[in-house]
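Colleague: So the chains spell out like this:
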Amino acid sequence: MTRYAMVIDLNTCVGCNACMAACAMENQTPVWKNEWRTWVHDQEIGSGEDVHRRFFPRLCNHCDNPPCLSVCPTGATYQLANGIVKVDEALCMGCRACAMACPYDARIEVTWEDVREGKAFYGNDYRRERPSMDKCTFCDHRVEQGRKPACVETCVGSARLFGDLHDPDDPVAQLVASGVARPLLPHLGTSPNIYYIGDLKRKG
Amino acid sequence: MDINTTFATQEIWTWSIAVYLYLGGLGAATLVVTFLTDMYLKPHRDLVLWGAFSGIAMLGLGSLMLFVHLLDHLAVLHVLNPLVLIRQPHAWIAWGTQFIIWMMWWGVFYALPYMIDSPQLNRVPLLRTLLQLGLVRKLSTRCCLRFHKAIGWLATINGIGVAVYTGLLLQSFPAVALWHNPGVPLLFTVSAFSTAMAFLLLLLNLVIKREEDRPIRVFYERTDVMLIAAELVILFSFFHYMSAGSESAMQSAKLLWSDMGWLIGFIGFGLIVPFFLELRCVLRGSSGHAPVMLAAVLVLFGGYLLRHYFLAAGVYAYPW
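Quick note, the sequences are listed as chains A and B, same order. No gaps in the numbering here: position 66 of the first sequence is 66 in this note's numbering, and each next residue is one more. No gaps in the numbering here: position 251 of the second sequence is 1251 in this note's numbering, and each next residue is one more.
So here's chain A without its partners, still in its complex pose (with noise of 0.2 Å):
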């Protein structure tokens, strides 16, 4: 069985921000009010003249164990076989329980004003009718088709590796279990799907 998972290499990325708009209009994300699916924290870290800057790219984890699917009221939040976790728009009532439950902050909120300016920034194409709680879905509408997500195959620096974590000829399969790569607050029991490759060159 496929379970799909993404590696980011914090040495690649150049913080272009590229994933970011590949994302907005791939998905159509409320941008207008600076929410994304998938976003690049852009560090500083160190002090004095030992100062690094640091590309962070973000998005939901596609959990395992995914607390903001156990939380859901209405069974709006559902995971596929793949892993990947998706909402239902039709079933989300928008109490946003799973915004609180989620620890990466992976959740945007897409109101009925939202839906409205949707309508006037993406035009006739706008595929959203109603309000939800919104978050990434791994493009899965694209992996469907055998492609990868928006963000992996704009990513300047191939930063992002898209994969099928039970492939062992899979490079994301074998990254994750080298242990190079690794993932975000493992110990809350979520079992998250995206794994980072620390940056390495800030070690010399």
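Since the hints were derived computationally from the structure, they do not count as laboratory data. A hint or two may mislead.
Residues from chain A shown here face chain B by an in silico Cβ test under 7 Å; the list is partial [as the list claims (entries may be wrong)]:
1. Pro67
2. Met100
3. Ala177
4. Leu184
5. Leu185
Over the 12 Å line for every Cβ pair with chain A, so calculated as not near, a few chain B residues [stated by the list, open to error]:
6. Ala1057
7. Leu1077
8. His1090
9. Trp1102
10. Trp1105
11. Ile1116
12. Asn1205
13. Val1218
14. Arg1222
15. Leu1300
16. Phe1301
Each pair of labels, with its calculated beta carbon distance range [what the hints assert, rightly or not]:
17. B:Leu1263 to A:Gly15: 36 to 46 Å
18. B:Trp1257 to A:Gln79: 31 to 41 Å
19. B:Ala1008 to A:Asp64: 16 to 26 Å
20. B:Leu1263 to A:Gln43: 29 to 39 Å
21. A:Lys33 to B:Leu1232: 37 to 47 Å
22. A:Asp64 to B:Gly1268: 16 to 26 Å
23. B:Cys1143 to A:Phe121: 51 to 61 Å
24. A:Trp112 to B:Leu1036: 43 to 53 Å
25. B:Asp1117 to A:Glu35: 25 to 35 Å
26. A:Gln79 to B:Pro1119: 56 to 66 Å
27. A:Gln145 to B:Leu1263: 51 to 61 Å
28. A:Lys33 to B:Phe1236: 38 to 48 Å
29. A:Val51 to B:Phe1067: 45 to 55 Å
30. B:Trp1015 to A:Trp112: 21 to 31 Å
Keep in mind that this is a model prediction, so the values were computed, not measured. Ideal Cβ positions, reconstructed from N, Cα and C, are used throughout, including at glycine.
Guided by the hints, dock chain B onto chain A, whose structure is given.
Modeller: Same frame as chain A, now just chain B:
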């Protein structure tokens, strides 16, 4: 990987959800205490009517606060359907919504025989017509009176469910150490019953005002003193858990224990002052209604502050 930790509080669930949690617990516990009093302490029509009406009103108002907060109000129909418990048995909001709905029904059914007998309610124009309907009278005699205790117990079970649920809801968010621990449902349940005792003491002293109810008032005062003491013990254990816990817990501790609203407002005036006021009444016998009523108002005020600060002080420790 070098990790930066960013601490953040949330602005998603604020005062309106605190009101929902507060009125949910208070309303449900009010109904429970009222019905248990009527079943096992002393049959009391006025207490049941006032307790049921105000409890149901509080549950309704509290639910309205959550409803207003929703992004898509029409989609609430999905959670009003009892079958949601089969689809989402792990979602506490689903349980809580069902508990609240059924609590309101049991509250009406338990109070119905008293409503039909009440001269005051039978003077209210529309209500009088409703209460004189044959179907309503049949429902009252054939179901509500016949199974009065069973309905009372169903209400009690649902009411305890609502009170516990208000804490379990916060407990289900794993990223926040202040919320994700077994102390929260316990604290919120004890607080719900303490505020319900305070509310019923206000009703008995301000509205019903009968000298023969003194044993009930004394019982409520004694129970409330014990509940406040229990709340203080739970908070003390929370203080120690947070002071030497995870980073998220320690940040929450810093927020709470340096805030005068929490320290003086909630712990001082919401717990300690009413504890001593009520203890004095219990030890020396009542010296007028004023101290008890003051204590009750303070407990009710403190009950809201507890939920407000608990929501506000939940700290997420983000690894970036």
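Colleague: Would you mind marking each hint as holding or not holding in the structure?
Modeller: Okay, the hints, checked on the actual structure:
| no. | hint | result |
| --- | --- | --- |
| 1 | Pro67 | 5 Å, holds |
| 2 | Met100 | 5 Å, holds |
| 3 | Ala177 | 17 Å, violated |
| 4 | Leu184 | 5 Å, holds |
| 5 | Leu185 | 6 Å, holds |
| 6 | Ala1057 | 22 Å, holds |
| 7 | Leu1077 | 8 Å, violated |
| 8 | His1090 | 5 Å, violated |
| 9 | Trp1102 | 16 Å, holds |
| 10 | Trp1105 | 20 Å, holds |
| 11 | Ile1116 | 36 Å, holds |
| 12 | Asn1205 | 38 Å, holds |
| 13 | Val1218 | 41 Å, holds |
| 14 | Arg1222 | 38 Å, holds |
| 15 | Leu1300 | 26 Å, holds |
| 16 | Phe1301 | 26 Å, holds |
| 17 | B:Leu1263 to A:Gly15: 36 to 46 Å | 43 Å, holds |
| 18 | B:Trp1257 to A:Gln79: 31 to 41 Å | 39 Å, holds |
| 19 | B:Ala1008 to A:Asp64: 16 to 26 Å | 25 Å, holds |
| 20 | B:Leu1263 to A:Gln43: 29 to 39 Å | 35 Å, holds |
| 21 | A:Lys33 to B:Leu1232: 37 to 47 Å | 43 Å, holds |
| 22 | A:Asp64 to B:Gly1268: 16 to 26 Å | 46 Å, violated |
| 23 | B:Cys1143 to A:Phe121: 51 to 61 Å | 57 Å, holds |
| 24 | A:Trp112 to B:Leu1036: 43 to 53 Å | 44 Å, holds |
| 25 | B:Asp1117 to A:Glu35: 25 to 35 Å | 57 Å, violated |
| 26 | A:Gln79 to B:Pro1119: 56 to 66 Å | 58 Å, holds |
| 27 | A:Gln145 to B:Leu1263: 51 to 61 Å | 59 Å, holds |
| 28 | A:Lys33 to B:Phe1236: 38 to 48 Å | 43 Å, holds |
| 29 | A:Val51 to B:Phe1067: 45 to 55 Å | 49 Å, holds |
| 30 | B:Trp1015 to A:Trp112: 21 to 31 Å | 22 Å, holds |
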